[in-house]
Amino acid sequence: MIISLRRIWGLVYRHLTLFRRSWPRLLDLAYWPVLQMTIWGFTSQFFAARLGNHGAVTVGMMLGGVLLWEMALRSHLGFAITFMEEIWSRNLGHIFVSPLRPWELVAALLSMSMIRMSLGVVPAALVAGLLYHFNILSVGPVVVLFAANLILMGWWVALSCVSLILSQGGGAESLVWSMLIGLSPLAAVYYPVAVMPWWLQKLALSLPAAHVFEGLRAAIGQGVIRWDELAWAGGLNAAWMAGAILLFMQQFHAARRNGAFMNIGE
Amino acid sequence: MYAIEVESLTKRYRAALAVNAISFTVSYGETIGLLGGNGAGKTTTIAMLLGLLVPTSGQIKVLGFDMHKDRFSALARLNFSSPYVALPHRLTVAENLRVYANLYNVKHVEKRIGELAEELEITNLLSRPAGQLSAGQKTRVALAKSLINRPELLLLDEPTASLDPDTGDLVRSWLERYRASSGCTILLASHNMDEVARLCGPVLMMKQGRIVDRGTTAELLTRYNRAHLEDVFLDIARSRSNTESPVTA
Chain E
1 MIISLRRIWG LVYRHLTLFR RSWPRLLDLA YWPVLQMTIW GFTSQFFAAR
51 LGNHGAVTVG MMLGGVLLWE MALRSHLGFA ITFMEEIWSR NLGHIFVSPL
101 RPWELVAALL SMSMIRMSLG VVPAALVAGL LYHFNILSVG PVVVLFAANL
151 ILMGWWVALS CVSLILSQGG GAESLVWSML IGLSPLAAVY YPVAVMPWWL
201 QKLALSLPAA HVFEGLRAAI GQGVIRWDEL AWAGGLNAAW MAGAILLFMQ
251 QFHAARRNGA FMNIGE
Chain U
1 MYAIEVESLT KRYRAALAVN AISFTVSYGE TIGLLGGNGA GKTTTIAMLL
51 GLLVPTSGQI KVLGFDMHKD RFSALARLNF SSPYVALPHR LTVAENLRVY
101 ANLYNVKHVE KRIGELAEEL EITNLLSRPA GQLSAGQKTR VALAKSLINR
151 PELLLLDEPT ASLDPDTGDL VRSWLERYRA SSGCTILLAS HNMDEVARLC
201 GPVLMMKQGR IVDRGTTAEL LTRYNRAHLE DVFLDIARSR SNTESPVTA
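Chains E and U supply the protein sequences, listed in that same order.
Just so you know, the first sequence maps onto residues 1 to 266 in this note's numbering.
Just so you know, the second sequence maps onto residues 1 to 249 in this note's numbering.
Don't read these hints as lab results, they were simulated from the structure.
Errors might be hidden in some of the hints.
[Said to hold, decoys possible] Derived DEER-like restraints, expressed as beta-carbon distance ranges: (1) E/R6 - U/T123: 22 to 28 Å; (2) E/L16 - U/Q59: 39 to 45 Å; (3) U/N124 - E/S118: 33 to 39 Å; (4) E/R6 - U/G131: 25 to 31 Å; (5) E/S167 - U/G183: 40 to 46 Å.
[Said to hold, decoys possible] Quick look at which bits of chain U chain E covers, simulated, 3 or more residues with Cβ under 8 Å: (6) 48-55; (7) 219-228.
It should be emphasised that the depicted structure is a prediction, and the values quoted were computed from it without experimental measurement.
Built from N, CA and C at the ideal position, the CB exists for glycine as well.
Extracted from the complex, chain E is given alone in its bound form (with noise of 0.2 Å):
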């Protein structure tokens, strides 16, 4: 597979290049994960004052989960809405008769991901310190690869929208707002598993991100490391992003046999 990091880093450069002369969209960025932050920290210290001793842990878990899923919703729509602007300016047709392959493509997604994420995230997490004296690192480096399985969670179910998209065309794209948030209530990032009935406990096991939210819980909380619980979320991730890619391929050839690519901003 030949892959060209020059023609990768032009279609980070067409991304870049938009924040450059826009600071509402840089704003934007940033907007809902600290306006996620600042409610959940207050409603958490509110809380946790009636909770006595085990305030400060649950404080600890409540804002621990809100920074880690932002990193999911965030890595899911940088890479899904970096896709559809794509969609949104027509340039579809110059990218797709260019030399660009579909993983350089989806590598320059990848990438615009992680920057539209970080700056997000970066800046939820220093209102969580001024605010809350809450820094997610002092969960240990254990920390970094619930971060990594949420990335993760967020680009399968990114790259699923965006072959939805390649699909079904522009209708699809409210999706891509809706489908990761769709799946939060079983994300269990502020409940554990536990309290769910038992045919939702299946579903959710079924994600990455219920093992994550279980494994940060019992760090912050009893102090100890669930490898299994990220094992299982690692082992659901490959198993998920097989899946993802397969139906992206399916979809890329697709759209090249129906004609999508000439037609599908309309």
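For this one, chain E is given, so just place chain U on it according to the hints.
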């Protein structure tokens, strides 16, 4: 050896037959015209030549590369321009050209952009957002994009559509100069008969997905006993010609 070799190319969308078993070749350095009414199959044919659309059946070789097996090798050496495919509006002209220079792995990007800007008289537009340009300026910028990689093959889909006569003439003159200096092969789809008569050697006349006739402008005028290519076009579009049977050559 041809710049383009098309053999029995067919594209079917469910019940609709967009392109019906067309065959043609284009020699290196030749400028060929693709003429036909709306829905004749010109854009579909160009999309298949670019690898944007997979044919239902048939073979395409572009610059010696099989577009089914090795389209990326061909895509690096060709380019495309159409007023119907936009460049990102919020990026300036220079930024747009930089993006495509990177996508085509162009060396000495700024120098190349400067050369093109001078040749196409867009130097004063380089710092302006593409979305704020007039139709004529957009066409020249789109041409600059399509020449960024010094293509050996240029596919142009109605390059002067919606341009005023002066700007249209400027673009056509520029294409003539570029062809003479570079030896580039050009495939031009157009509704503008004067443009096709002026720029193209052979002309393929398409109707309902088929090539119904072909020849140089002079040959077609003689064959249809007409003074203008537009009348030949109308004869074919309205099926008044003596050449009813499709020609594949």
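Taking the hints in turn, this is what the structure says about them:
A hinted range of 22 to 28 Å holds for the C-beta pair E/R6 and U/T123, which are about 25 Å apart. Taken as a hint, the range 39 to 45 Å holds for the pair E/L16 and U/Q59, whose Cβ atoms sit roughly 41 Å apart. Our hint of 33 to 39 Å for U/N124 and E/S118 holds, since their Cβ atoms are close to 37 Å apart. Here the CB-CB span from E/R6 to U/G131 is close to 26 Å, well matched to the stated 25 to 31 Å.
Range check, E/S167 to U/G183: Cβ separation about 42 Å, and the 40 to 46 Å hint holds. Counting residues of the stretch 48-55 of chain U whose beta carbon lies closer than 8 Å to any beta carbon of chain E gives 5, which meets the minimum of three for the stated coverage. Requiring three or more residues with a Cβ within less than 8 Å of a Cβ of chain E, the coverage given for the stretch 219-228 of chain U is violated, as only 0 such residues are present.
Hint compliance for this structure: hint 7 alone is broken.
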